[in-house]
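All chains should be modelled from the sequences, with the hints used to inform the complete structure.
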Amino acid sequence: MNPKLFLCILLFSLQCQVVNNKPSVTQMESNEFSEWAGLSTDDPVHKKEMDTSWNKLITTKDLITEYLKQKDYHPHVKTVVYPFSGIDVLNLFSFFPQCQNYILFGLEDPGYPTKYSELSEKEKSIVKSGIRNLSDHLAGRNYFTYRKMKEETKKKELNGAYPVFVAFLKRMGKEILESKEETISGNGITYKGFTLLLYDTKLNKKESLTYFKIFLIGNEGIPGDGLYEYFSNLGEIGVFTKSAEYLFHGEKRKSFRDLLLKNATFIVQDESGFPIRLFPEESWKRSMFGRYEKSWNLSGAVTPENQPELIKLSKETNDQILPFPFGYGFLGTKDNRQSAVLVFEKK
80 MNPKLFLCIL LFSLQCQVVN NKPSVTQMES NEFSEWAGLS TDDPVHKKEM
130 DTSWNKLITT KDLITEYLKQ KDYHPHVKTV VYPFSGIDVL NLFSFFPQCQ
180 NYILFGLEDP GYPTKYSELS EKEKSIVKSG IRNLSDHLAG RNYFTYRKMK
230 EETKKKELNG AYPVFVAFLK RMGKEILESK EETISGNGIT YKGFTLLLYD
280 TKLNKKESLT YFKIFLIGNE GIPGDGLYEY FSNLGEIGVF TKSAEYLFHG
330 EKRKSFRDLL LKNATFIVQD ESGFPIRLFP EESWKRSMFG RYEKSWNLSG
380 AVTPENQPEL IKLSKETNDQ ILPFPFGYGF LGTKDNRQSA VLVFEKK
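In this note's numbering, the protein residues as written are 80 to 426.
Hint data in this document are derived by calculation from the structure and do not stem from the laboratory.
Note that the coordinates shown come from a computational prediction; the quantities given were computed from them, not determined experimentally.
It is possible that some hints are incorrect.
Said to hold, decoys possible - Simulated pairs of lysine-lysine, DSBU-like, Cα-Cα distance not exceeding 35 Å: (1) K331 x K233; (2) K126 x K148; (3) K150 x K235; (4) K373 x K229; (5) K135 x K150; (6) K413 x K391; (7) K394 x K284; (8) K331 x K281; (9) K271 x K284; (10) K157 x K227; (11) K333 x K285; (12) K281 x K333; (13) K391 x K426; (14) K157 x K285; (15) K333 x K194; (16) K235 x K203; (17) K259 x K413; (18) K201 x K148; (19) K425 x K373; (20) K227 x K426; (21) K271 x K235; (22) K150 x K426; (23) K140 x K284; (24) K425 x K157; (25) K126 x K373; (26) K331 x K126.
Said to hold, decoys possible - Quick list of the computed label-pair ranges, beta carbon to beta carbon: (27) K364 x D121: 47 to 53 Å; (28) K135 x S311: 34 to 40 Å; (29) E261 x D337: 20 to 26 Å; (30) L118 x K373: 39 to 45 Å.
In this text, a Cβ means the ideal position worked out from N, Cα and C, and glycines have one as well.
This is the structure we're talking about:
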């Protein structure tokens with residue numbers, strides 16, 4: 080190839096990459112994102128408290144990353160779904176760092192679009208207080224409680240999960256390139272959400288994160304209800320779930336559970352996610368990191384199934400105690416003795 084022609088093609092290619100990574104968010108939005116994350120110096124109190132909680136959170140994230148490097152752990156999927164997620168992006172990205180598409184759903188209102196710029200200074204301080212309260216809440220136990228998320232995100236000033244998602248993602252080194260509203264419609268129900276187009280400055284890759292507010296009452300996941308079509312069209316997926324209140328135990332949410340598992344090839348969860356009976360050894364490679372002794376009866380939650388196979392798997396694996404908390408095992412012991420990560424990989 081002619082050297083001049085090659086140089087022109089190379090310069091054009093680099094220019095396209097720069098253009099593609101250029102944010103479409105406004106400067107005002109970008110400033111708001113940094114303010115929410117406590118990365119600007121305009122609010123030193125907010126910055127100091129966010130720094131404190133995120134020092135703990137990043138320490139946990141680094142522990143998880145280093146721990147997984149020592150394990151036979153290879154989640155080769157492009158899309159991962161996180162049911163009952165709340166705003167827990169840190170754990171999701173820790174266990175699935177190389178995915179392209181991250182899809183989460185929980186009970187919190189999306190809160191997009193935000194009207195932050197129209198708020199008074201007092202109202203803005205309430206938004207930032209909610210963000211750092213949730214950040215501190217996650218740092219203390221490595222999972223959210225629904226009560227705390229509802230308490231903060233229902234405040235009219237915060238008005239949903241969007242500002243918290245953005246603040247956490249910014250803290251993780253991800254640039255927000257674009258935000259857009261998303262909906263899933265079917266059978267007279269519309270599920271609202273948003274998609275964030277991201278650029279990870281540390282891993283040098285583009286990503287998308289989509290969040291929906293979805294409340295599963297038990298009859299979802301059938302053709303025509305919107306959710307069936309949306310999740311069926313994702314193709315091959317990974318699934319991540321933790322602190323899920325045993326909502327997939329029993330048969331009440333069987334249709335939606337089966338819908339997720341239909342195209343799932345890699346599952347990462349604690350013992351409150353999918354029952355192990357759904358992953359027979361002839362079809363799935365089953366691994367456990369950490370240790371399992373029992374499940375936990377939570378007030379107002381689904382009664383967990385008896386899972387002797389988990390006890391057997393724990394004894395066979397005889398793994399060391401996890402260096403980080405994971406799931407409800409932290410509740411009863413206040414340490415990691417009963418924290419277990421379950422990994423199911425389709426054969």
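Status of each hint after checking the structure:
no., hint, verdict
1, K331 x K233, "28 Å, holds"
2, K126 x K148, "32 Å, holds"
3, K150 x K235, "44 Å, violated"
4, K373 x K229, "28 Å, holds"
5, K135 x K150, "23 Å, holds"
6, K413 x K391, "24 Å, holds"
7, K394 x K284, "39 Å, violated"
8, K331 x K281, "42 Å, violated"
9, K271 x K284, "27 Å, holds"
10, K157 x K227, "31 Å, holds"
11, K333 x K285, "34 Å, holds"
12, K281 x K333, "39 Å, violated"
13, K391 x K426, "21 Å, holds"
14, K157 x K285, "12 Å, holds"
15, K333 x K194, "39 Å, violated"
16, K235 x K203, "11 Å, holds"
17, K259 x K413, "40 Å, violated"
18, K201 x K148, "45 Å, violated"
19, K425 x K373, "25 Å, holds"
20, K227 x K426, "39 Å, violated"
21, K271 x K235, "17 Å, holds"
22, K150 x K426, "18 Å, holds"
23, K140 x K284, "19 Å, holds"
24, K425 x K157, "15 Å, holds"
25, K126 x K373, "40 Å, violated"
26, K331 x K126, "44 Å, violated"
27, K364 x D121: 47 to 53 Å, "50 Å, holds"
28, K135 x S311: 34 to 40 Å, "39 Å, holds"
29, E261 x D337: 20 to 26 Å, "24 Å, holds"
30, L118 x K373: 39 to 45 Å, "42 Å, holds"
Checked against the numbered hints given earlier, this structure breaks hints 3, 7, 8, 12, 15, 17, 18, 20, 25 and 26; the rest are met.
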